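Please construct the entire structure, taking both the sequences and the accompanying hints into account.
Listed in order, the protein sequences are those of chains L and W. Counted from 1, the first sequence has number 84 at position 84 by my numbering; the numbering is strictly sequential. Counted from 1, the second sequence has number 1272 at position 272 by my numbering; the numbering is strictly sequential.
In short, the hints are calculated from the structure, not lab data. The structure displayed is predicted, hence computed values, not measured ones. All C-beta atoms, glycine included, are put in the ideal place defined by N, C-alpha and C. There could be a bad hint or two in this list.
Said to hold, decoys possible - With a cut-off of at most 16 angstroms between alpha-carbon atoms, the simulated EDC-like pairs for lysine to aspartate or glutamate come out as follows:
1) LYS68/L / ASP1084/W
2) LYS65/L / ASP1407/W
3) LYS1078/W / GLU239/L
4) LYS1356/W / GLU1260/W
5) LYS1180/W / ASP1409/W
6) LYS237/L / GLU1285/W
7) LYS1296/W / GLU239/L
8) LYS68/L / GLU1285/W
As the list claims (entries may be wrong) - With the Cβ distance kept under 10 angstroms, some of the chain L side facing chain W (calculated, not the full set):
9) TYR28
10) GLU56
11) LYS65
12) ARG125
13) ASP139
14) PRO203
15) THR218
Here are the chains, one letter per residue:
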Amino acid sequence: MLSVIYAILFWAAAVILVAGLGLRIARYARTPAPLKIPTTPAPMTRSGVVLRMAREIVFFESLFKSNKWIWLFGWTFHMGMWLVLIRHIRYFTHDIPGWLALAQPFGTYAGFAMLAGLLGLWARRFLVERIRYISGPSDHLMLALLVAISGSGLMMRFVVHTDIVAVKVFMLGLLRLRIETLPTEPILLVHLGCVAILMIVFPISKLMHAPAVFFSPTRNQVDNPREQRHLAPWAAKLEQ
Amino acid sequence: MAAPETVIPELEHALDVPCLRPGAMEGLQPFVAKPEHNEPLGFPGELVPDWKEKALEKMAELADKNRGFRVYLDMCVKCGACTDKCHYFIGTGDPKNMPVARQDLLRSVYRRYFTFAGKYFPWLVGARDLTEDVLYEWYSYYHQCSQCRRCSVFCPYGIDTAEITMAARDILAHVGIGQKYSNEIIGKVYKIGNNLGLPEPALANTLEGLEEDIEEETGVTVRLPLDEKGADILLVTPSADFFAEPHVDGLMGYAKVFHEAGVSWTISSYASEAANFGMFIGNYENMRQISLRIRKAAQDLGVKRIIFGECGHAWRVAYSFLNTLAGPFDFLDQNYPVPQHILDFTWGEIQKGTLKLDKSRNDHINLTYHDSCNVARASRIGDYPGSQFEIPRNVIRAVCNNYHDMDRDTTHESTLCCGGGGGLLTDDLTDLRIKGAAPRMTAMQKLTEEHGTTHLAAICAICKSQFTKVLPKYGYEMDAILSVHQLVSNAVILTGQETQEDAGEPAEAAQAP
Ligand code: SF4
Ligand code: SF4
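Here is the structure:
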């Protein structure tokens, strides 16, 4: 019974995540940027912009300039999360390639970095007056959700081990649209339940910052307004 | 409402983070425009009865027309990195002047009507209904933002509060709540051709007077031509350059540089204004109408090039938007940048060695330079990124011996706004302007302690007017603000000019690098 509920939950979450993301991204892509507004100094070529964007996404360059504490916690959390996510690929593939095996220990300890970063960010929401002022219930809930996910994950890895082989069979089954039996440890159910919630709220929450950053005109535009005329389709109509 | 009781903020350091003072600037608002100010711009004269529907309609329209507006409303994660970056927050402590909080004033309404979470769980995501109080709260706090973009430099996603401010002002104007200062000025541009409402005969008179001044000072005839057909260069400059101090000294500087360079140039009475307040009110159509005047003037006069005088937001519109709004400029000489910045031109002449410069003529000045926001963070001057910082400094160093930069975290792309940009340069906002200038002034005071700095140079008409007003509040003379081309004007020795400084002591003519 539980297996069925979780299977349906995950299928639904996956559909909502993919469809929601697709719709939102299509919306961003369709909306024109009427004017050239890169924050200067900005790169003068496309490849320069790719580099600028890469520095933002890999190193959080602007955040580093801005605030060292937020950078430290935010960067630790995000990079830890990537490693953890990579580690989790093993539950979705039959054979584990060499690189993935190699990534396992890193992914494991990155879980601690992820949690530490999250707790640091959360602490700031209470301790720093300015950030307390701008934090709303959803900001706290989002952190709670992420802490629950990483906390329960670490628990399963280091404290109450779960039948990981069975979990993998369940997940591989989901990919083939089959429902296998899911172990019933509460901690696993919490972990998976929270992940499903995260997937569902992703397209309707601030988590959209992940895809949206690629559409931010202040960061993704080339500084060449004099050389190349930039005109939005709706603005072109004003000229007729 | 020019509050005489303005308390000058005392900051240890330019970037001191204040304690929150909720409500500190509540209710402050510039005069609301009258019907006769709104209507010529295509806006309703006063608050329309169906303001709520109209405002939401406009909001939806902007979200469809402007990608920046849409993604910025969605993507903020409330990380707080921008919270201490706004000079108005530093100067006032009002939490609604923190960039993210300023955005939230509008975002909360956007969420309520246009997002799933805000429609069904408003309390969760801080969504709220649009009420008349909210409209006036917008009017107040979106006129406490100078659209300086300092916050966008420091946001991990580049969220630009200026874009939200422009959208908010545009929405307000569409329901009939316009800002008197900006709208009245735009009306003058449509009617007369410039912000000051200076008609052609008065302009001609003024320019003649300036020619006389230069001749008196130097003994050389330097022309300031008006509406001269067939000239090579059209100079478009902020109308403050025609008589405000220290702007006008800058204009005489441009004239001297053009004279020495031996180029033919002209000012147009039809487009006698570089400023474009259409940007301040966030309205594309008005910004475009104003820009088209420059195109028309260039075509009518048959010029080959366009050069812009010293002005910050005008240069943003010129550099970043003019091609979009009024292009293509294929009828101009493509061997020159279209448009070109006057400092780019002057720096070129200095490098060529056409200007004979005597730096010692600025020796009574101990100078620093204020990077104007719009030049620093929204444009470029030369042909490489960052030239907007280097070219003005290169020119300054070529004409002035005593120069020091303020702290690096308050200059270049991190520069602090003068406090008067973005349509706030009006007497009804004096209190805010004084407080908003505190970080910049504090950075300058530090330099005065360390190096005895006496003067501040800028390349923006608004900065110059603003500093004239606020410098005295921070212990400087009101004429401690200089145009960069005023320094050039001081130093340049015109061909045929007798250097009658002291008959016995020949002035040392320093040839530029
Ligand atoms: S820095 Fe950007 S993402 Fe962070 S709170 Fe400010 S606007 Fe939002
Ligand atoms: S654009 Fe400038 S004035 Fe406006 S919120 Fe950002 S930092 Fe403040």
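Evaluation of the interface hint that places GLU56/L against chain W, nearest CB under 10 angstroms: Holds, because the Cβ-Cβ distance from GLU56/L to chain W comes to roughly 7 angstroms (cut-off 10 angstroms).
Satisfaction of hint between GLU1260/W and LYS1356/W, Cα-Cα up to 16 angstroms: holds, 9 angstroms
LYS65/L paired with ASP1407/W [C-alpha distance capped at 16 angstroms]: holds, 15 angstroms
Straight-line alpha-carbon gap LYS1180/W to ASP1409/W, limit 16 angstroms: violated, 35 angstroms
Residue hint PRO203/L, partner chain W, criterion CB-CB below 10 angstroms: holds, 9 angstroms
Pairwise hint evaluation, GLU1285/W against LYS237/L, where the allowed Cα distance is 16 angstroms at most: holds, 12 angstroms
Restraint outcome when ARG125/L is required to lie within 10 angstroms of chain W by C-beta distance: With a closest approach of 8 angstroms, the ARG125/L hint holds.
Per-residue hint verdict: TYR28/L, partner chain W, C-beta under 10 angstroms: holds, 6 angstroms
Per-residue hint verdict: THR218/L, partner chain W, C-beta under 10 angstroms: Check passed: Cβ of THR218/L comes within 3 angstroms of chain W, closer than 10 angstroms.
Supplied contact hint for LYS65/L, tested at 10 angstroms Cβ to chain W: With Cβ-Cβ at 6 angstroms, under 10 angstroms, it holds.
Proposed interface contact between ASP139/L and chain W, which counts if any beta carbon pair is under 10 angstroms: holds, 5 angstroms
Distance restraint between LYS68/L and GLU1285/W, which requires alpha-carbon spacing of 16 angstroms or less: violated, 41 angstroms
Taken one by one, the earlier hints fail for this structure at numbers 3, 5, 8, listed in ascending order.
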